[in-house]
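Participant: Read off the chains here:
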Amino acid sequence: MKLKLLNDKVFKNILIITTSIVLLIGVAFFITLILESTSSISKFGFKFFTSTDWDPVFEKFGALPFIVGTLLTSFLSLLIAFPFTFAIMVVLGEYFTKGFISEVLRYLTELISSIPSVVIGLWGLFFLVPAVRFFQITFGLQPYGVGIFTASLLLAFMIIPYAASIAKDAMRLVPKDLKEAAYSLGATRWEVIKQVMIPYSRSGIVAGILLALGRALGETMTVTMVIGNSHFIPKNLFSPGNTIASVIANEFTEATGDLYLSSLIYLALVLFLITALINLLGKYILKKIQINH
Amino acid sequence: MINSILKIENLSASYDDKVIIQNINLEFQKNKITAIMGPSGCGKTTLLRCLNRMHELTPNAKVSGKILLESTNLNDNFMELNSTDPILVRRRIGMVFQRPNPFPNLTIYQNVLAGYLLNGIKLKKQEADEIVEKHLNLVALWDEVKDNLKKHGTFLSGGQQQRLCIARALAMEPDVLLLDEPTSALDPISTQRIEDLIVELQKTVTIIIVTHNVGQAGRVSDFVAFLYLGDLIEYGLTDTIFTNPKNLQTEKFLTGKIS
Ligand SMILES: Nc1ncnc2c1ncn2[C@@H]1O[C@H](COP(=O)(O)OP(=O)(O)O)[C@@H](O)[C@H]1O
Ligand SMILES: [Mg+2]
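In order, the protein sequence lines correspond to chains A and B. Here the first sequence is numbered in the numbering used here, starting from 1 and rising by one per residue. Here the second sequence is numbered in the numbering used here, starting from 1 and rising by one per residue.
Some hints here could point you the wrong way.
[Unchecked claim] Restraint-style ranges between C-beta atoms, simulated for each label pair: (1) B:Glu130 - A:Ser114: 54 to 62 Å; (2) A:Phe127 - B:Pro59: 22 to 30 Å; (3) B:Lys125 - A:Arg189: 23 to 31 Å; (4) B:Asn148 - A:Phe135: 53 to 61 Å.
In short, the hints are calculated from the structure, not lab data. C-beta atoms are modelled at their ideal positions from N, C-alpha and C, and glycine is treated no differently.
Just need the whole structure built from these sequences, with the hints factored in.
Facilitator: Spelled out as structure tokens, the structure:
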């Protein structure tokens, strides 16, 4: 009896300790980011968010082009991914919940999500970039090939499996009772999907979209390879640009000055804040659309 | 006078080649309550789901035979349901399920109108209000929920939810209402209220109720059909069958020897 109680205590303490370690690392992570970026923060302050200069030679650093690039690629990729995600969600969530087609589609989407991002980047460079360039030449645009649009296309391809797999699970969780109630009232299959299944599973669908967005915001390798790495605010969706993650990845090794390094870490802090903000916003939306108020 | 609204001829149904009900012939009388009773698993739900063509929604489900519904068209007396659009069939034959299943994402008001919303039928505000009030009154729920129409129905008791589901089915103005053990998930008081309601409703709609509760069949129905292992064993006036069953299985079921 005593031994059992002791065991319980030990177990509880182990849990507390491990949890605290994880929390501590999280806090330490945040503190380090702030400490390391202090010199940049004190020099540029909030102007860091609005300035478009990124000039390592004259030690002038402003993050706006990268913030714009990050948000543009993320949301554009989400927009591109949406119809495909929706289609996969409906097909796997309602029409083929088991059987051959469901397995094949599931396998394919899982396969996509397991390709290393550098491989996707390479494929983008050798296939997608020339394709986009061809398109740009045909329509009389500047034939960059690389750029915001190309990066977003590639990102879309990468996030579809994530969003679709969560959204489809949500669709499958819709109680059979409710679907049957709708059928018994004379609804067609499409009406059942549209009016019963999607409203019922919307929090799952939004969760899938958020996860995809998180992935798109932080994805580094693929984006770096096809975005064109330009330090200017993109003029249009086909212009080259840069995202926060890809600037950091590109320039960290060659950052010589203290202020340069500190500014890159400041950038990391900004990305961290954007992600946190979007997550909070997502939580808020999820709460708003919960089924039972 | 015998006045059938729905007829079944040689109806058989199966799942994955497993025959569930076979060669059933039955006629349902207009504005009467017919109870389908029988032990669990004998095919009552399956039979009921054939009537509004819900059975065929299950993959690998098969039906054969004829189901005839009194036609709204004066020229033909009956229309065959197998050759009628299932959407139309289900609007004329409503259904209430074993467990109350109001739509949790809709308000009480919207739940009553769910059939219209789902089918994309536009209603004027006044028309919609009237339909809601009329049918909530019909199921004796209006006084209990009239101040909460814009709330979601999830806070209602099981019995209230089931009455809401009945109102939802009735709002489509069906000719026939199918009830699949509508009180099996409810407490005795709610059960009593629903039974009273069913008897009341027969003025407006023909009712077919599945139950494996002998008492319930006796209390509410005018006719009973006794189903056993997928066969229709006996059919007739409730009073006749309850007092003088012809078949031994029926008698055993009525006296609680098989269940
Ligand atoms: N979707 C299904 N697939 C295969 N068999 C089923 C399915 N639904 C019901 N059955 C079988 O059909 C038989 C009759 O079921 P049911 O009509 O629900 O009986 P009851 O309503 O009288 O209890 C049972 O043996 C049940 O296992
Ligand atoms: Mg049943």
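Participant: Provide an ascending list of the numbers of those earlier hints which the structure does not satisfy.
Facilitator: Of the numbered hints, just 2 does not hold.
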